[in-house]
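*Asks:* The primary structure of each chain is shown beneath.
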Amino acid sequence: MNRNLIIGTALTVLFIALAALSFLWTPADIETLDIPNRLQTPNATNWLGTDHFGRDILSMIMMGARTSIAVALLAVGIGMALGIPLGLLAAARHGSFLDELIMRGNDLVFAFPSLVIAILITAVFGASAVNAIIAIGIFNIPVFARLTRGAALPLWERDFILTARVCGKSATRISIEHILPNITNLMIVQGTIQFSLGILAEAALSYIGLGAQPPTASWGRMLADAQTLVSIAPHVALVPGFAILLMVLGLNLMGDGLRDWLDPRIRIART
Amino acid sequence: MIRYALGRLTSLVISLIVASIVIFAVIEVIPGDPAAFMLGINARPDTIAALRAEMGLDQPLITRYLDWITGMLRGDFGQSWTYKTPVAELIADRIWVSLPLAIFALTLSTLVAFPAGIYAASRRGGAGDVTIMGATQLGVAIPNFWFAMILVLIFAINLRWFSAGGFPGWDNPLQAIKSLTLPAIALALPQAAILARVMRSSLLDMLGEDFIRTARAKGLSARQALWRHAVRNALIPVLTIIGLQFSFLLAGGIIIEQVFFLPGLGRLIFQSISARDLIVVESVVMLLVFTVIMVNFIVDLAYAAVDPRLRTKS
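As they're listed, the protein sequences go chains A and B. In terms of my numbering, the first sequence opens at residue 1 and continues consecutively. In terms of my numbering, the second sequence opens at residue 1001 and continues consecutively.
Errors might be hidden in some of the hints.
To be verified - Beta-carbon label-pair distances, calculated as ranges:
| no. | chain 1 | residue 1 | chain 2 | residue 2 | range |
| --- | --- | --- | --- | --- | --- |
| 1 | B | P1173 | A | W47 | 41 to 51 Å |
| 2 | A | F110 | B | R1213 | 28 to 38 Å |
| 3 | A | N185 | B | R1160 | 29 to 39 Å |
| 4 | A | P214 | B | D1033 | 51 to 61 Å |
| 5 | A | T216 | B | I1021 | 50 to 60 Å |
| 6 | A | L153 | B | V1130 | 47 to 57 Å |
| 7 | A | T184 | B | G1071 | 48 to 58 Å |
| 8 | A | L33 | B | A1053 | 43 to 53 Å |
| 9 | A | R104 | B | T1070 | 21 to 31 Å |
| 10 | A | R104 | B | L1073 | 52 to 62 Å |
| 11 | B | I1103 | A | R104 | 46 to 56 Å |
| 12 | B | L1111 | A | A70 | 32 to 42 Å |
| 13 | A | R3 | B | D1076 | 35 to 45 Å |
Please keep in mind that the hints were generated in silico from the structure rather than gathered at the bench. For clarity, every value in this text was computed on a predicted model and none was experimentally measured. Backbone N, C-alpha and C define an ideal beta-carbon position, used for all residues, glycine too.
So here's chain A without its partners, still in its complex pose (with noise of 0.2 Å):
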């Protein structure tokens, strides 16, 4: 093991924590407003203080974690759906017009600006954290649509799928049977690094009013909400924005970690 993982999964453990411990407790709930208790410094009952509603900053943040992880993650489950099948098929059908056609079209989204696309969805559609999760979402299809081909590639030269081409399995099935499995590693580095990337444009979306709406907790809004309160109650401002470094911090330590926990050559070279 080593300390970047070890740092970058207690992180992402403790978030992930935190946002599932607000399904069943948190310290208040947040749908009650306490006007005259607004604006506090981080005290024995509120441990990181309140916001302009007198609400807990410790409980928003704990639902906040569950709107950014979900909203991230599923992002990265909508491009790891589709990116990978397009992936192996672009593989497997190698120099075809498909794969052309596959490759051409991830270019495209790669030149678009994602976040000007993004604001254009949800401005079209609504602001919601739906929309929020297809836009971001739309843009990491190709990230591992790309991955996928370049990973199993070289994989289809190997002398283990001429044999199985040879005992007659078709293309889909050693897609499936053997490149699949053998890509895992490098889709679970690169989705924890998508998953961090999510965090931080949920963050943003959000920031500007096109993620999840109230009364749904974020931290992005949360950022919102503090910007002009920033020179009376500065920990307002600060809290979320401390949620969202350590969380896509700890997300990033962990990819570079399992990088290279998961690569053997590295990990014999390290020792």
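Following the hints, complete the assembly by docking chain B onto the known chain A.
*Replies:* The following block gives chain B in isolation, referenced to the frame of chain A:
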């Protein structure tokens, strides 16, 4: 080279056409009736009909699409519904905030990332390398709009060195640059972190190459070999990333402009979205996409001009 350029040019044109169709479809076809969308739910049917006629929505789809495209090619981006002025004029006003901001941020990010990346690579595994790499991990993980708020808190509210937002215009260039400084820093941070990492790894690849060993064998010191041979070659992939970052900065400025209340293209998009001024949204988005695709195209060509291997590969 000419064949390569023609190939890239073809895919550039195809990209632009597909992009324009997608944007046109998302804005004008999918939400149903744009006129009804723009006027809101309480609009009277005759008002909607009048706007439909004014916007040319009674024309067939193909005609509307071709009108839009040919109009843009002539520099006619249509008429804004809320501002009652040509969209081209609105864009021309705002671009003098967004473009300088992107260039400013790119300059900052390059100025920080180059020395940091080169230093980290030349001290590989040392304390300096570990510190810089740790800092880049943080830089990548910080949401830039939050970093912007922290900058405002420290440098505008507490130290009062800068204003917390707004833009005075270019009549007073010094004030204008000053008001773009914090936004540019916020925008540049994650890019600088990425660029420093690319610079470092590209340089490390170069330092392992045979020509560096040859240079050392000729009697060059490690420092001379680094600066004369490694850095120059390591720059090629770095320049590609810089090209990509420019377009990212132009689009990414949208959110930073919100934080600092800068009257740039980003705020224009938002104001138009909330005013349901679809014509402005459509044209600004197309302009941004066009810029991004163009910059990528130019980077590809520049890359191929510097590195002959690329021309033959594709």
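*Asks:* Could you see if the CB distance from P214(A) to D1033(B) stays within 51 to 61 Å?
*Replies:* 29 Å, violated
*Asks:* State, for the Cβ atoms of I1103(B) and R104(A), whether the hinted interval 46 to 56 Å holds or is violated.
*Replies:* 31 Å, violated
*Asks:* Is it true that R104(A) and L1073(B) lie within 52 to 62 Å of each other by Cβ?
*Replies:* At 24 Å between Cβs, range violated.
*Asks:* Honestly, do N185(A) and R1160(B) meet the 29 to 39 Å range at C-beta?
*Replies:* Roughly 52 Å apart at Cβ, these two residues miss the hinted range, so it is violated.
*Asks:* Can you tell me whether the CB distance of R3(A) to D1076(B) sits inside 35 to 45 Å?
*Replies:* Violated, at about 59 Å.
*Asks:* Given a hint of 50 to 60 Å, does the C-beta separation of T216(A) and I1021(B) actually sit inside it?
*Replies:* Given a distance of about 34 Å, which is not inside 50 to 60 Å, the answer is violated.
*Asks:* Is the hinted range of 28 to 38 Å satisfied by the C-beta distance from F110(A) to R1213(B)?
*Replies:* 37 Å, holds
*Asks:* Please check whether L1111(B) and A70(A) have a Cβ separation lying inside 32 to 42 Å.
*Replies:* The hinted range 32 to 42 Å holds for L1111(B) and A70(A), with Cβ atoms some 39 Å apart.
*Asks:* Given a hinted range of 43 to 53 Å, is it respected by the beta-carbon distance of L33(A) and A1053(B)?
*Replies:* 48 Å, holds
*Asks:* If you check the beta carbons of P1173(B) and W47(A), does the distance land in 41 to 51 Å?
*Replies:* With a Cβ separation near 48 Å, P1173(B) and W47(A) satisfy 41 to 51 Å, so the hint holds.
*Asks:* Verify the CB-CB distance for R104(A) and T1070(B) against the hinted window 21 to 31 Å.
*Replies:* 25 Å, holds
*Asks:* Please test the hint of 48 to 58 Å on the beta carbon pair from T184(A) and G1071(B).
*Replies:* 50 Å, holds
Hints 3, 4, 5, 6, 10, 11 and 13, counting from the list given before, are not met by this structure.
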